[in-house]
Amino acid sequence: SAVISQKPSRDICQRGTSLTIQCQVDSQVTMMFWYRQQPGQSLTLIATANQGSEATYESGFVIDKFPISRPNLTFSTLTVSNMSPEDSSIYLCSAAPQGGYGYTFGSGTRLTVV
Amino acid sequence: DQQVKQNSPSLSVQEGRISILNCDYTNSMFDYFLWYKKYPAEGPTFLISISSIKDKNEDGRFTVFLNKSAKHLSLHIVPSQPGDSAVYFCAASASSGYSTLTFGKGTMLLVSP
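As you go down the protein sequences, you meet chains C and H in turn. Read in the working numbering, the first sequence has 57 at position 57, and its numbers run on one by one without any break. Count along the second sequence starting at 1, add 1000, and that's the number in the working numbering.
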């Protein structure tokens, strides 16, 4: 299965600033996903990132707040823009393998906004 | 409205005994179910899955049971080991092929020696 390197692993950011999270996959994958896990909550899908097209955002998430790039089949970034303390969460990227199931996850980025 | 529910936030089991983690879902369109294990400071790792055409899938110490009429699935770990201590997430998908996953909140399993 694919291996995903995600960075940074954690960061503490000032409110109003932006943070870009990167995910590098060791093989080409068609679809990548970005999730958020707030304390005590389940993993919530933010958006699906396809190479060569705009990301598809889930209800409650917008491109201005969470712009995503997918320049090729092995890389994606998620930016958390104009951060507030409510954005403090773990952010995870995921990749769908060929065949669609058994998704692989990155190790997560623990973001704290102060 | 949570479509995938794991009603037990935590479970404690002694080493060697069976661990049973439960998951309920509400969306009848879900046809594929997965279990993930997550250690602190790591991303979730895929553990085992089951399609709605089956009622059981086994992989070593891990067995997943699906009861479609009750919209319930469970993960059995036998025998439980201290290294199994982690958070277990149940996830469901509504269609075959590439599809987004809906996750439960997770159950923290603690296996004591």
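In case anyone wonders, no lab produced these hints; they're calculated from the structure. C-beta atoms are modelled at their ideal positions from N, C-alpha and C, and glycine is treated no differently. Among these hints, one or two may not hold up.
Claimed, not checked - Negatives, chain H to chain C, calculated, CB over 10 angstroms:
(1) Q1002
(2) T1045
(3) L1066
What the hints assert, rightly or not - To spell it out: a stretch of chain H is covered by chain C in this simulated footprint if at least three of its residues, at any positions, have a beta carbon under 8 angstroms from a beta carbon of chain C; those stretches are:
(4) 1032-1044
(5) 1103-1113
Unchecked claim - Distance condition first, Cα-Cα at most 20 angstroms in a straight line; then the derived DMTMM-like pairs of lysine to aspartate or glutamate:
(6) H:K1056 x H:D1031
(7) H:K1105 x C:E54
(8) H:K1105 x C:E58
(9) H:K1105 x C:D64
Hint by hint, here is what the structure shows:
Here H:Q1002 does not stay apart from chain C, with its beta-carbon only about 8 angstroms from theirs, under the 10 angstroms limit. The beta carbon of H:T1045 sits about 7 angstroms from the closest Cβ of chain C, which is not more than 10 angstroms, so the claim that it is off the interface is violated. Distance to chain C confirms H:L1066 as a non-interface residue, since its nearest Cβ pair spans about 15 angstroms, more than 10 angstroms. Remark: the stretch 1032-1044 of chain H is confirmed as covered by chain C, as 7 of its residues place a Cβ nearer than 8 angstroms to a Cβ of that chain, reaching the required three.
Under a criterion of three residues with beta carbons nearer than 8 angstroms to beta carbons of chain C, the stated coverage of the stretch 1103-1113 of chain H is upheld, 4 such residues being counted. For the proposed pair H:K1056 and H:D1031, the alpha carbon gap of about 14 angstroms is at most 20 angstroms, so the pair holds. Of the supplied pair hints, the one linking H:K1105 and C:E54 is violated, its CA atoms being roughly 29 angstroms apart against a limit of 20 angstroms. Annotation: proposed proximity of H:K1105 to C:E58 holds, straight-line Cα distance about 18 angstroms (limit 20 angstroms).
With a CA separation close to 27 angstroms, the supplied pair H:K1105 and C:D64 exceeds the 20 angstroms bound.
Violated hints, listed in ascending order, are 1, 2, 7, 9; each of the other numbered hints is respected by the structure.
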